[in-house]
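Residue numbers (this note's numbering), protein chains in the order written: chain D, 1 to 292; chain A, 1 to 284; chain P, 1 to 466.
Incorrect hints may have been included.
What the hints assert, rightly or not - No more than 30 Å apart at the CA atoms, straight line, and that leaves these computed lysine-lysine pairs for DSS-like: (1) P:K375 <-> P:K78; (2) D:K50 <-> P:K280; (3) A:K218 <-> D:K241.
Said to hold, decoys possible - From the structure, some residues in chain D lie toward chain P, with a derived Cβ separation under 7 Å: (4) M51; (5) D53; (6) V144.
I should point out that these hints are in silico values taken from the structure, not numbers from a laboratory. Even for Gly, the Cβ is constructed at its ideal location relative to N, Cα and C.
Each chain, written out:
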Amino acid sequence: MNNRPSLTGLALSMLFAIFAAAMLFPIGLTLVSSLMSEAEISQNYDLIGKMVDTADGGKDAFVNLKLLPDWLTIQQYAQVLILSPKFLSMFWNSVGLVGPIVVGQIVVGSLAAYAFAKLRFPGRDKLFFVYLMTMLMPFQVTLVPNYLVIDKLGLMNHSSAIILPGIFGAFGVFMMRQFMAHIPYALTEAAKIDGAGQLTIFWRVVLPLAKPGLAALAVLLFVDYWNMIEQPLIFLQDSVKQPLSLYLAQINQSARGVGFAASSLYMAPMVLLFLYAESYFVEGIQHSGIKG
Amino acid sequence: MSRDGAVAGLFLAPSLIGFSVFYLIPFVLGFYQSFTDGAIGGQLVGFRNYADLLHSASFRKAAGNTMLFTAVGVPLLIILSMTLAILLNRSLYLRSWLRTSFMLPLVVPVASVVTVWQVFFDWNGTLNAWLHELGMARVDWMQSNWSMSIVVVMYVWKNIGYDMILLLAGLQSIPKDYYETASLEGAGRFRQFRHITVIYLTPTLFFVLLISIINSFKVFRETYLLAGDYPYDRLYMLQHYMNNMFFELDVQKLTAAATLMVGCIVMLTSGLLRAERRFRENSE
Amino acid sequence: MKKMGLILLSVALVVLTLAACSSNKGASESDTAIKNLGNPTDGDEASATTNAAADSGGHKTIVFSVFWPDEQYEQAAKAYEAAHPDVTIKLEYGLSEPYNNDSSREQTDADIEKFTTSTNAAMLSGKGPDLLDLRYLAADDYERHHLLENLGTRMDGDKSFRRTDYFANVLGGEGSANGPFSLPLSFSLGGMVGDEAAIAATGVTFDDRTWTWDDFMKAGRELVAAKGKYNAAIVSGEGMLVGGSDYFVRSVVADNYSRFVDETNRKASFDSADFTGLLKQIKGMYDDGIVGSTERGYFTNVSILSPEDYLTTLNVFGDDTTFYVKPHADEEAAGTSFETRSDIGINANSKVKDAAWDFLKYMMDHTTIGLPINKERFANAIQQLKEKGSITPPTIGSQHSTPFKVDNAKLDLLEGFAEAASRKKNRSGKVLDIISANTAAFFAGQKSAEDVGKLIQNKAMTVLNE
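Taking the hints into account, I'd like the entire structure generated from these sequences.
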């Protein structure tokens with residue numbers, strides 16, 4: 001293919017740009033709305049979920065989709081950050097839950113993935129299939145027995161009730177196996193001939209090559225667990241320990257203005273992490289998808 | 001071989017122990033409970049819970065909707081992301097910017113954009129405002145058969161970038177000289193697509209399919225936040241059913257439904273893997 | 001295939017070993033619990049399981065779970081503990097932080113969801129508190145899955161318990177082998193306050209002890225037609241709150257519930273002309289001004305929470321006001337509508353059921369707030385109010401309240417209403433929630449009755465067929 005985009009390329013680019021704008025629209029709208037005043041928000045969106053009597057002009061009552069604020073204000077952000085101390089503490093709760101899960105699952109997952117990808121042992125594929133299965137199961141499937149197990153272990157209402165199951169999630173194993181399978185056998189075999197043990201090969205050869213995969217996994221795990229709602233709802237009774245996801249799911253329903261600001265702050269770490277690690281991330285998930 | 005086995009055991013141990021405690025054992029317990037008459041120390045009742053479950057019209061509806069959603073949403077997502085990947089697999093202006101913007105929805109938390117969906121799909125929402133401008137009657141998007149299409153849109157919005165990236169990688173791994181040889185032999189664009197692109201992309205497609213199915217189950221969060229625990233019946237999925245059964249403390253039906261769902265997932269996945277293996281053997 | 005078997009076997013082994021480990025752990029936990037029994041202050045670990053083997057004697061800890069922090073329970077627990085030194089009562093609250101007007105509604109909703117979810121999960125796994133205040137909990141489901149102790153059997157089996165000490169209909173479950181599974185400490189009465197003088201002036205007559213909704217609608221039309229003091233017969237909403245159509249529809253439909261929902265065959269008929277007809281009839285009452293949504297009318301829906309509240313409510317709406325019984329559905333027996341308060345159940349898996357039952361009885365006999373279920377307490381409350389002679393209503397906002405005299409004649413009627421309490425108000429129910437949520441579109445004129453009926457039918461069938 002030529003290096004310079006052709007005329008059709010230009011047309012396509014424009015078409016794509018429109019499509020991309022549509023994709024970004026929900027995010028953009030959230031950001032823009034977070035800079036509007038509470039009054040402006042309720043003026044625009046108060047009608048959501050309401051039924052206006054036709055006698056009072058209900059036939060023409062619609063929300064007002066507004067892309068530009070009348071004037072910019074950081075009132076909502078101040079409300080979220082300064083006036084409700086809960087937000088920040090919940091934010092750190094989220095970090096405290098998600099951080100250990102991401103790190104833990106990467107460590108445990110890549111160890112297991114190495115065994116699945118680079119070692120031969122009886123029943124390997126069948127066991128991997130079992131992992132694959134649990135990855136596909138929705139949370140509701142093991143809800144009640146999970147409760148029993150966590151209660152037996154005495155973890156109820158303790159952050160490890162969320163963290164431990166998170167660390168042992170199957171997705172890390174799956175993704176890293178896909179990625180490591182892509183690393184040529186020649187490399188590991190060469191190391192073996194040089195007399196390296198499996199741990200050395202894992203640590204010095206495979207893991208450095210798997211960096212993009214690790215980055216991609218980190219981002220994906222972060223997104224998934226940053227979003228979790230069901231697990232903390234059931235396993236963390238103490239509201240002081242609750243993560244941000246629960247707070248946000250509630251706040252969106254009424255105080256919309258604050259909701260927009262909280263949403264923006266809530267997605268910020270994800271978006272920044274993604275933009276920062278994008279090239280790794282892209283490379284990582286690409287390699288996980290191609291068969292080596 | 002045997003030495004490998006021992007080492008493999010060591011590498012696997014941490015994961016296997018935790019995995020058994022938090023996933024396997026709960027599942028086995030749940031499986032057992034689905035054959036008992038109560039939550040605690042119940043008696044075995046054989047397949048009665050399953051009979052009750054299949055008797056429930058709402059369960060059948062939920063199962064049907066989940067299948068329909070997967071059967072429509074997943075192929076649609078793959079076709080769209082494939083189209084995007086093929087079009088993006090050439091030099092374009094702003095290519096990396098475009099790629100970034102297609103991927104961004106993936107990392108946006110569900111709860112953050114729920115209000116935006118409401119702005120569009122509410123009875124008084126923007127979509128109805130546009131219909132009104134055109135002189136048409138309002139549609140209650142979330143309370144009609146449209147509701148599933150809307151969830152499909154949300155699903156595609158969120159996952160298209162991820163699938164596109166995977167497929168793009170698959171496309172880029174196809175050697176360019178295959179196409180050059182083919183066009184020298186006079187094969188048209190479409191023939192090239194069918195005989196080169198599709199064939200070489202198939203392994204990637206299997207992977208994309210699997211990931212897309214996993215992600216199709218995750219749409220429940222959006223649906224739940226938008227439409228609550230009793231949405232319009234077209235939108236009532238297995239997860240709604242299981243969630244409601246949990247709140248009604250009906251463990252028997254909950255575990256039986258869970259077991260059936262897992263059974264279906266096992267069949268679907270093993271079928272997929274078998275197909276993939278056969279494909280690989282054929283192409284070698 | 002051989003390999004598969006091997007894998008399954010090894011997985012099963014791992015599972016078994018781990019299961020054995022965890023059950024060992026469970027056993028050692030209860031060992032320590034027994035050791036802790038000598039130490040009454042060690043209540044932190046208290047739960048139904050750690051009280052193993054405590055029921056037969058020795059020190060007992062009763063875990064009592066309730067959503068809202070409650071002074072009444074605190075006091076009862078303290079008094080009971082003083083009288084029974086071998087019992088500790090541990091109150092657990094669902095609300096995460098003290099409620100104040102500033103704290104967001106959302107937080108409370110989140111707490112409620114959390115409270116129900118975690119209590120459900122605990123009850124399902126055979127744990128959970130020993131005593132439960134069932135507010136916000138799925139009492140019917142608990143009952144269906146045998147998670148609550150049958151208090152009917154308890155009442156019959158306990159010689160010291162006399163049903164006649166209590167308001168029998170409110171207590172419920174007389175002569176039935178099934179239940180009740182919870183007992184209320186107090187109750188409230190539902191009805192209407194009417195401007196007796198204004199009604200008398202119009203010359204419209206009716207018998208509120210027996211009237212049905214149809215009778216009520218007829219009387220309402222006549223009242224409006226008489227063009228008397230008020231323009232509307234009744235105000236939608238409850239008490240001083242003048243609300244939308246929601247409340248009225250809900251109570252009318254709740255009273256006609258069996259017409260549209262066939263519980264035994266799990267069928268609903270909200271898409272029938274019968275239901276759309278009812279919706280149109282109700283809307284007609286709004287359009288004709290029989291149900292007012294902006295100003296006061298001859299009648300106002302009220303809930304009577306206590307003897308003092310009864311007189312205060314009557315006083316607020318004027319001097320010549322009377323309490324009227326709420327209309328009922330055709331099939332239903334006439335009588336006062338009531339709602340139970342502080343419904344308490346005993347966990348069927350509790351290890352201290354006898355002690356919990358004893359404490360529950362104690363609370364039933366010592367509750368003095370609200371309309372107490374215990375007749376003696378009820379009579380005492382009325383007597384005390386008479387001795388007090390006057391009531392100073394609570395100040396609401398800037399509205400200054402003036403004390404008024406207790407009207408003994410009116411007060412004497414209250415016990416009669418309480419004795420006549422016969423219709424338990426269906427206050428919750430998924431189908432009713434669906435109806436309230438979806439009829440607004442029809443009353444606002446946005447959707448046709450047929451569309452609304454179809455939508456309700458669609459969702460109600462999902463609920464009924466689960």
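Structure-based check of all given hints:
no., hint, result
1, P:K375 <-> P:K78, "23 Å, holds"
2, D:K50 <-> P:K280, "21 Å, holds"
3, A:K218 <-> D:K241, "24 Å, holds"
4, M51, "4 Å, holds"
5, D53, "4 Å, holds"
6, V144, "6 Å, holds"
Violation of the numbered hints given earlier is absent; every hint is satisfied by the structure.
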